[in-house]
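Novice: Each chain, written out:
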Amino acid sequence: MAVMNMIEAINSGLETMMERDDNVVIMGEDVGYFGGVFRATAGLQEKFGKTRCFDTPISECGIIGAAVGMCAYGLRPVPEIQFADYIYPGMDQLISEAARLRYRSAGEYTAPMTVRSPVGGGIFGGQTHSQSPEAMFTHVSGLKTVIPSTPYDAKGLLIASIEDNDPVLFLEPKRIYNGPFTGYYDNPVSPWSKFAESEVPEGHYTVPLGKAKIVREGDAVTVLAYGTMVHVAKAVVEEHGIDAEVIDLRTLVPVDIETIEASVRKTGRCLIVHEATRTSGFGAELSALVQERCFYHLEAPIERVTGFDTPYPHSLEWAYFPGPVRIGEALEKIVRDLKS
Amino acid sequence: MADEKPKSNLPPLSLHVPEPNFRPGDTVDYSGLEIPAAGAQARPDINTKPKDMRDMVDDMIRVLDDDHAAVGPWDPKLDDETLLKMLRTMVQVRTFDDRLHRQQRQGKTSFYMKCTGEEATSVAAAMALHADDMCFPSYRQQGILFVRGYPLTEMVNQIFSNKADKLKGRQLPIMYSSRELNFFTVSGNLTTQYPQAVGWAMASASKGDSRIAAVWCGEGSTAEGDFHAAMTFAAVYNAPVIMNIVNNQWAISSFSGFAGAERATFAARGAGYGIAALRVDGNDPLAVYAATRWAAERARTNQGPTLIEHFTYRAEAHSTSDDPTAYRSAQEREEWPLGDPINRLNKHLIQRGVWSDEQQEALDAECLEAVKEAVKEAAKNGILGHGLHQPFETMFQDVFEEMPWHLKEQAAQANKEREIKWPS
Numbered sequence: 003m004a005v006m007n008m009i010e011a012i013n014s015g016l017e018t019m020m021e022r023d024d025n026v027v028i029m030g031e032d033v034g035y036f037g038g039v040f041r042a043t044a045g046l047q048e049k050f051g052k053t054r055c056f057d058t059p060i061s062e063c064g065i066i067g068a069a070v071g072m073c074a075y076g077l078r079p080v081p082e083i084q085f086a087d088y089i090y091p092g093m094d095q096l097i098s099e100a101a102r103l104r105y106r107s108a109g110e111y112t113a114p115m116t117v118r119s120p121v122g123g124g125i126f127g128g129q130t131h132s133q134s135p136e137a138m139f140t141h142v143s144g145l146k147t148v149i150p151s152t153p154y155d156a157k158g159l160l161i162a163s164i165e166d167n168d169p170v171l172f173l174e175p176k177r178i179y180n181g182p183f184t185g186y187y188d189n190p191v192s193p194w195s196k197f198a199e200s201e202v203p204e205g206h207y208t209v210p211l212g213k214a215k216i217v218r219e220g221d222a223v224t225v226l227a228y229g230t231m232v233h234v235a236k237a238v239v240e241e242h243g244i245d246a247e248v249i250d251l252r253t254l255v256p257v258d259i260e261t262i263e264a265s266v267r268k269t270g271r272c273l274i275v276h277e278a279t280r281t282s283g284f285g286a287e288l289s290a291l292v293q294e295r296c297f298y299h300l301e302a303p304i305e306r307v308t309g310f311d312t313p314y315p316h317s318l319e320w321a322y323f324p325g326p327v328r329i330g331e332a333l334e335k336i337v338r339d340l341k342s
Numbered sequence: 002m003a004d005e006k007p008k009s010n011l012p013p014l015s016l017h018v019p020e021p022n023f024r025p026g027d028t029v030d031y032s033g034l035e036i037p038a039a040g041a042q043a044r045p046d047i048n049t050k051p052k053d054m055r056d057m058v059d060d061m062i063r064v065l066d067d068d069h070a071a072v073g074p075w076d077p078k079l080d081d082e083t084l085l086k087m088l089r090t091m092v093q094v095r096t097f098d099d100r101l102h103r104q105q106r107q108g109k110t111s112f113y114m115k116c117t118g119e120e121a122t123s124v125a126a127a128m129a130l131h132a133d134d135m136c137f138p139s140y141r142q143q144g145i146l147f148v149r150g151y152p153l154t155e156m157v158n159q160i161f162s163n164k165a166d167k168l169k170g171r172q173l174p175i176m177y178s179s180r181e182l183n184f185f186t187v188s189g190n191l192t193t194q195y196p197q198a199v200g201w202a203m204a205s206a207s208k209g210d211s212r213i214a215a216v217w218c219g220e221g222s223t224a225e226g227d228f229h230a231a232m233t234f235a236a237v238y239n240a241p242v243i244m245n246i247v248n249n250q251w252a253i254s255s256f257s258g259f260a261g262a263e264r265a266t267f268a269a270r271g272a273g274y275g276i277a278a279l280r281v282d283g284n285d286p287l288a289v290y291a292a293t294r295w296a297a298e299r300a301r302t303n304q305g306p307t308l309i310e311h312f313t314y315r316a317e318a319h320s321t322s323d324d325p326t327a328y329r330s331a332q333e334r335e336e337w338p339l340g341d342p343i344n345r346l347n348k349h350l351i352q353r354g355v356w357s358d359e360q361q362e363a364l365d366a367e368c369l370e371a372v373k374e375a376v377k378e379a380a381k382n383g384i385l386g387h388g389l390h391q392p393f394e395t396m397f398q399d400v401f402e403e404m405p406w407h408l409k410e411q412a413a414q415a416n417k418e419r420e421i422k423w424p425s
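Here the protein sequences line up with chains A and B, keeping their order. First residue of the first sequence: 3, per our numbering; consecutive thereafter. First residue of the second sequence: 2, per our numbering; consecutive thereafter.
Chain A with its partners taken away, still in its complex shape (with noise of 0.2 Å):
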């Protein structure tokens, strides 16, 4: 075991693929000789070569394009697109192309790629910086959408997605790259050092695609969360002293959805809490799926919690962010009855 931070369990995650398949190459924009304006891919190529981690033009269609060309050939490329802010230009060729390529060649051609791209925001990114574009690849046919919350599931998923025969698209929540956030952004953060999921172990393992995690049991009210927000709703459900359960997705597709059922089934109640937009997130498929197969078991209307819907502002970042005082109230409301 060794302690990293997420930048570094998912620099040793690429690390260990590479070694182990020589067909897994590293592409994007500044991760070759510098390694990644995150650094999440630094040191890479100097120990693989040039021709296996290296820099690309700026353009998006380019990198996925070209990435879908080498799938045709057998490679397994693992492209980095900048900020997901900038996966826009490349999203014909992810969805049209990378996630359609099984079906419509009936298993012909796949693309086995693994698209990494750092989501979200709280870091005063601004609106071309900070972005949560999860439900716009949730609602694609073909395409599998990953997003870690520590550094043990960062590599471990990551490992998996790029073992994965079909196209994944693993979004990291930049916030929590140093450490969790517990959504006080005044408060300093707390490094991954200090929490036992930085333990993470040297070479391969892997955290299947498609599992939830439950990081908190409870009783009370489900709280269903991913990426940056596991962490800040179990801070405020914590400081609320509410029994919640709270579950990290960790996969939106294919979605966990037997963790899902038992634990509302059992709670009765469900909190969905995302940083992204909230008209058509990904809140609103949980919230339909929960409706569709715990209605019987529901004792209180099924809460959201995400951004507003506007863009992702720059001064007034914390003001948009779904914080301790938006999840606080609707935890608050969805339980109020058991209080009483």
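Here are a few chain B residues that face chain A, going by a calculated C-beta distance under 8 Å:
| no. | residue |
| --- | --- |
| 1 | S188 |
| 2 | N190 |
| 3 | V237 |
Calculated directly from the structure, the hints in this document are not laboratory data. Predicted model, so just to flag it, every value in this text is computed and none were measured. All residues carry an ideal CB built from backbone N, CA and C; glycine is no exception.
With chain A fixed as given, assemble chain B onto it according to the hints.
Specialist: Positioned in the frame of chain A, the structure of chain B alone reads:
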């Protein structure tokens, strides 16, 4: 206020919206089209740097002259057997197109696309490649499959979307795929295959392989960002790829001016990227073969990508859903100054003394019989909409390698609906 004129004494600006030279009913006059004499183009050494051969982009490589002789430095000097194979394959393609177009009109499938007049741009090009070179076609390169020996019946199964269709009835007719023949699955989205071909070529180069990639798009879709992303990647990584632009003058109803042809040739786009570029008479199969062979030799010797503009004419409708009499003059095809690729190769072979009108007639009849037979065979496996389609559950297969829970649930729903509609 929108209706107020700007307070300015500057001359008013005007927007230019391109307009083709001829519309339905117009008399066509091609005298403004510059067509250089066959054989007049120099053939640069394959080691020539792109910047030293920029004049090629405004020229036009032509081999077959007005007397049907092969002339000049680009004559690939092919033997009779190869030329006869080229003719035979192009006739097969045209016959297949005519016959399958008719099947669509008879209601046996939803859609068809011919490549009439453009056969050389895929047949001659594919013949100049190795069989294991990877092709990334657009939707009008069925000729590649004919060159590589794909069974006609399999093509018709795909077009009929029947129970024997290897693509399980999932794709629009003619969107073939054959991994075995190094033919990439055809996308309906335009020019997405361009960066993919470059990526494949980059992979081949990074693995120290000897295979190269070739990719095709139409002139209209060179306007897509994918085209330019691919050109940048091909140039940056010196990718071993041949990038073909089939300039057939029309993108459905939009003439090539809407892709920029009023200002520059499509081959000229190579120059800005530092990519070697050739402009070829696309109705001259020998010129297409020679240009492709030149580009392939460059790619195989680590001299990187080549862009080839094939100047040709879309002789028929864009697809069975299109009616070109609504937007262009019928005379355009009749008067097309570069003729027809099959006629030109036929005349060349007759001129060489190895072919005759009688042999051509026999070949036409033989090709028609082969297509009729394939259609008959394929029809035994069903035609579109007549029940002999794929089992319902195949709709849910291959979305992922393993079917997740939500697709299993939806597959059960589809099967339930089938039971309700058609009780067993």
